[in-house]
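**Q** Chain by chain, the residues run as shown.
Number of protein chains: 4
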Amino acid sequence: MPTDKPKLRIGLIGTGFMGKTHVFGFAAAQRVFDLPYEIVLHTVADRNEELAADAARTLGFAKSSGDWRSLVADPEIDVVDITAPNAFHKEMALAAIKAGKHVYCEKPLAPLPEDAQEMAHAAEAKGVKTQVGFNYLCNPMFALARTMIEGGELGEIRSYRGLHAEDYMADTEGPFTFRHDPAGGGALADLGSHALATAEYLLGPIERIMGDAVTVIDSRPDGKGGRRSVEVDDVGRAFLRFASGATGSIEASWIAMGRKMQHDFEVYGSKGALVFSQERFNELHFYNAADAAGRRGFRCIEAGPDHAPYGLFCVAPGHQLGFNDLKAIEIARYIEAIAGRGPEPFGFRAGFRIQQLVDATTRSARRAAWVALDEQPAFAPA
Amino acid sequence: MPTDKPKLRIGLIGTGFMGKTHVFGFAAAQRVFDLPYEIVLHTVADRNEELAADAARTLGFAKSSGDWRSLVADPEIDVVDITAPNAFHKEMALAAIKAGKHVYCEKPLAPLPEDAQEMAHAAEAKGVKTQVGFNYLCNPMFALARTMIEGGELGEIRSYRGLHAEDYMADTEGPFTFRHDPAGGGALADLGSHALATAEYLLGPIERIMGDAVTVIDSRPDGKGGRRSVEVDDVGRAFLRFASGATGSIEASWIAMGRKMQHDFEVYGSKGALVFSQERFNELHFYNAADAAGRRGFRCIEAGPDHAPYGLFCVAPGHQLGFNDLKAIEIARYIEAIAGRGPEPFGFRAGFRIQQLVDATTRSARRAAWVALDEQPAFAPA
Amino acid sequence: MPTDKPKLRIGLIGTGFMGKTHVFGFAAAQRVFDLPYEIVLHTVADRNEELAADAARTLGFAKSSGDWRSLVADPEIDVVDITAPNAFHKEMALAAIKAGKHVYCEKPLAPLPEDAQEMAHAAEAKGVKTQVGFNYLCNPMFALARTMIEGGELGEIRSYRGLHAEDYMADTEGPFTFRHDPAGGGALADLGSHALATAEYLLGPIERIMGDAVTVIDSRPDGKGGRRSVEVDDVGRAFLRFASGATGSIEASWIAMGRKMQHDFEVYGSKGALVFSQERFNELHFYNAADAAGRRGFRCIEAGPDHAPYGLFCVAPGHQLGFNDLKAIEIARYIEAIAGRGPEPFGFRAGFRIQQLVDATTRSARRAAWVALDEQPAFAPA
Amino acid sequence: MPTDKPKLRIGLIGTGFMGKTHVFGFAAAQRVFDLPYEIVLHTVADRNEELAADAARTLGFAKSSGDWRSLVADPEIDVVDITAPNAFHKEMALAAIKAGKHVYCEKPLAPLPEDAQEMAHAAEAKGVKTQVGFNYLCNPMFALARTMIEGGELGEIRSYRGLHAEDYMADTEGPFTFRHDPAGGGALADLGSHALATAEYLLGPIERIMGDAVTVIDSRPDGKGGRRSVEVDDVGRAFLRFASGATGSIEASWIAMGRKMQHDFEVYGSKGALVFSQERFNELHFYNAADAAGRRGFRCIEAGPDHAPYGLFCVAPGHQLGFNDLKAIEIARYIEAIAGRGPEPFGFRAGFRIQQLVDATTRSARRAAWVALDEQPAFAPA
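Residue numbers (this note's numbering), protein chains in the order written: chain A, 6 to 387; chain B, 6 to 387; chain C, 6 to 387; chain D, 6 to 387.
In short, the hints are calculated from the structure, not lab data. Please note: incorrect hints may appear among the correct ones.
You can't tell identical chains apart in this list, so a pair holds if it fits in one copy or across any two.
To be verified - With a straight-line Cα cutoff of 20 Å, these simulated DMTMM-like cross-link-like pairs (lysine to aspartate or glutamate) come out:
| id | residue 1 | residue 2 |
| --- | --- | --- |
| 1 | Lys276 | Glu178 |
| 2 | Lys276 | Asp223 |
| 3 | Lys68 | Asp9 |
| 4 | Lys68 | Glu43 |
| 5 | Lys276 | Asp176 |
| 6 | Lys10 | Asp59 |
| 7 | Lys276 | Asp296 |
Please read these numbers as outputs of a predicted model, since none were measured by experiment.
Only chain A is shown next, with the shape it has when bound in the complex (with noise of 0.2 Å):
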């Protein structure tokens, strides 16, 4: 689709399923919004020639490449999106800023506080532009919901509860990957970060957290035939402190058998209050204690053109956006930042933040004790 616009030249490192994801946002978000680039997908990158070919084929890239590092000096691409496995992203991420890219990559940044760190200040140090990959918040009923807390539809905001409970890893049988890595690993780390980064969007900053890890399947096949002990966390849970003076509590769990996508909140006011589940996505319930008496209860917000940017994928409301949709806002998002036309709406200082909540969870659950936050090493931009 060649257009009058400048290029914003894409290069990709992973092509598993994050990697086609990303395909699709890139071209949805091209397609939906009216970017201030013309996005090109100009090279991708695997582990080695053959399949990063096959990859360019399927995923519509110009170029392929079976070295990342090649991709990354290419003097042509704007954009390293990295979709590689998350042992990659830090080696990456630098090797990308260093090179003067921005520098997109899927979650987590770093499984360890002090890598994503590290990143943050390296893209800040360059001046980069940064992404870290928080689809849900990309929602347009999180921006309703943000938007009625900051108008004072609610009131004073007293308490929090948020979620993020699946069951993928409910089999005992399910083998031992990479996310039961005692380095990064765990359902707090995989979703307990979403959970802690829904509540700071809402709420504001976490000040002090108390945490709670358990593992319960304690151990995995191998691959071998064996089993391998496990030692991160199947259940996370934590009581919060917010800056706010509001308090809350957040839960992980990827071992919550029938739950697909439980990423729930519910917020509680002085005025009203608000409800809602990700599977339900589309939908946000809201009370108002201002409703005449008889006449409360929450009611069910239907997505719709009233809650932007809906009404570019669709005119009429109650339609409903897809998992893919929330994709193509978070790239558009992106894009728009990189052009200067915004903030980044979720750069690494930001992943680097969450690496240091869920962290800080992980602390307090061993230590059996509150963790403020300022015990965090300090970010210190250069």
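Given the structure of chain A, go ahead and fit chains B, C and D onto it with the hints provided.
**A** Just chains B, C and D now, with coordinates in the frame of chain A:
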């Protein structure tokens, strides 16, 4: 996205909301599915050169034209995609068929069943592949419902309730539009068509209909300071007799205040039941009478990779498809049909059938008598 | 519980499930409400002395009788409560009226409208107070709905959907019973009567009906090893025209597999809508079109002390009334009417009306033509 | 209602809302269940003779007294039922036990666990039957949940989430009451007690607790024109460790704006899950991992005769029990226990246990450390 696949060159007529939705759909279908063709957005036509040129830029077509006839005549174009106002559907489609093009036409195929019949007839005579846009039917949960019904999971099907209710015409001060035109307008035509299509998709052919049609808002602003009388139905209802022996009902309303997308159905069989609402279209509720005593209940099945082609959009259940994803599925199936890999999912013959059903309902309401579908002008293939 | 209040002595005929339910209701009404009378469970009658004596012991009546006529003749008895099989309703009620008793009769008043008319006529001529058991109408949320409709909170009422679906006749091997008797049986008579009663309770008089009646299970075990042909409807439907100008529909089914209590309604007006399901009968869902843009949605109002007489049962909202509580409300209102403190909440005239509506629906279905309610034998007060 | 059964003579102390609810419960229990005794409402006591005499008339007691001690001393009375303010529970109960009466006491048994222990101890030493009012546990759907858990239908139980949230203290201008008294007040004591009781009812003993307790509204009107400082918790939370190895959490809040009865739980096992909300307490949602692929989902089981003792209230499923029906079940079970037909369903020992759990949660919150239940003063039977 150049590939080795043969090219399928699209000529789009009309650049309004549905035109944009189709372009989203073509793009997404190409990304998500392994289509037999490379889709090329070749030419877009609109009322004049300027509008068309703008649309080409925005939507990503290589060429533009202010004259739809030249688009139809262009030998490079394989598929003519008609999203122009309903009144033009017949003329455009017949011209495209005559030119040997495959034709994709937004619903309704034509307001009058005899026109729709003529179009279906022409397409079959010429041997081109056609499609009418009934995207709700492309929901994986509809496929699941039909599979369950056909596979006997509900036992003998006994009764059916269908709905399609929205509220976009609920405002008495909403202006008179082409949808209020007595020749083919009304809630039954606009929304009842969906309800009837879903009924036949799930339970097979309807044999007889008793209709009910009610005008609630009998005049609307004419745009010139006065009001214009409205004769079409704001609410339509029908009792149904299916060839299978099942009976049922549907209702269509565009003044159902508060409803944004109540395209719902309930199917009751001798062994189970299904309940669905388009307001939560990633769910299907299933009652299995064979469940253990004291443990029976409607279970909420969430869409996931078990329900093809969901897995092509997302590898994890519960993440949810959106409205535009349904459009992508619709288009992908059409393109498969063009390649001869499957039947036309919803060709002109089906579009004609829907117009017959709508017309039968409306005539029945007028006569206050059952109308058999075989009273309709029989479809006469060449 | 001796009090200074005048005594109201009850004579109960029939000791099956409904008899027991009535006794629960009398007891609860007396406890919960400040009734104008002290209720005395005076005599219970059943088919023979022994059964009656047992029932007196179990249910707490002072006396018993094997002959309902002696109960009716007993000058000490003030109210005759008839829960005997439907076939006896007329004879018993007329005898009781003749004896000057107030009469409380389970629904249906009588299968044939002319019988129901005769009973209503007799009661009015004699000046006794009557009641037919339509307990769903006693739900505080029904009162709320009617208050909202009458108070204009929904604007002009435009359309209505009503249902009453259960599955207790879904089993093909369920035996032939009196409910399958062509004279007055069927789903419309048993359940449609409730749906029609609710429709008129909320929207006022129905003027015309187009009915649909379907026999799905056309024979049932006759209890003697054979099968007996069934002619009554398993599913009934109707289009409705209300005197107010609103239109609507109802459906009744006793073969709706999985449904236990789908007595539902949806009311659509020019300013709002109401949605209710008896499956969650302590809730009423209200859409208010006047809510702020982007904040509109159906709100779930939970029953509470704002909705009289809920507060007499429980001081806190959300605790929920049960089915038997509705029966207590029904009885309390009847006793108020006997004391002259209010109108008969659902007297024999109303019971007759319901039989007219059921009969009109059935006749309309047979004729396949609209039936006006004024075609009915007019009710002729003495 | 005279019978041949032995009489069980009730002496009620306190005539407020809970007193009335108990009387409803005694009356309904007697009607609905075939109890081993004839219940006689013997004497009611209140602060003075006049109030007591009024209550006797209204509630149906034969005698009244302005002195609870004389009621306790009355040799004719079998059961002393205490619904007086919490502060009197201990003194009244100990006196009644000393007099050899069975004692039914509203919750909390006593604010301080050592007092509750003393009461439990005294009752066991004397051999009288006791009961504390935990009516939520009497819901047939709770029994179903426990049956399913104990029967292994969910496999190994892994995690638990419990809630009890309401909003009756959400108003900053709500007055200071005895519930705000630092000795035993707060949301954890009032509502958390229910959440903890449900957790142990379903999953068995809790071994360790990490608590969180937050005061949100730190002063309330003192009734004299000023404000009084509030120290008790408005929101309480806890992480839980069960003896079974399962872990979980509960939350209690009385400032959860919009919530009227969010007494909810979710239980996750290796083979299935249960989800329940008291807002719809006639439903239990069950996920069965053994259901067929593509057909799995939480199923909504509606209460019915399969779930004893529902069938004693109503022969048909889906008709729903109400709050007062739960109270009747609670009382019926207690009376069975008095007759030696079953264990005390929720005796003083259980009431003491709950106070221990609440106390452990509060102490843990204060210390910010896990509290083991065995740190509690051990219960020392005589």
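**Q** If a hint holds in the structure, say so; if it doesn't, say that too.
**A** Here is how each hint holds up against the structure:
1. Lys276 x Glu178: between (48 Å within a copy, 13 Å between copies)
2. Lys276 x Asp223: between (45 Å within a copy, 17 Å between copies)
3. Lys68 x Asp9: between (22 Å within a copy, 15 Å between copies)
4. Lys68 x Glu43: both (17 Å within a copy, 18 Å between copies)
5. Lys276 x Asp176: between (43 Å within a copy, 9 Å between copies)
6. Lys10 x Asp59: Classified as between: cross-chain Cα gap 14 Å, same-chain 29 Å, threshold 20 Å.
7. Lys276 x Asp296: both (10 Å within a copy, 16 Å between copies)
Violation of the numbered hints given earlier is absent; every hint is satisfied by the structure.
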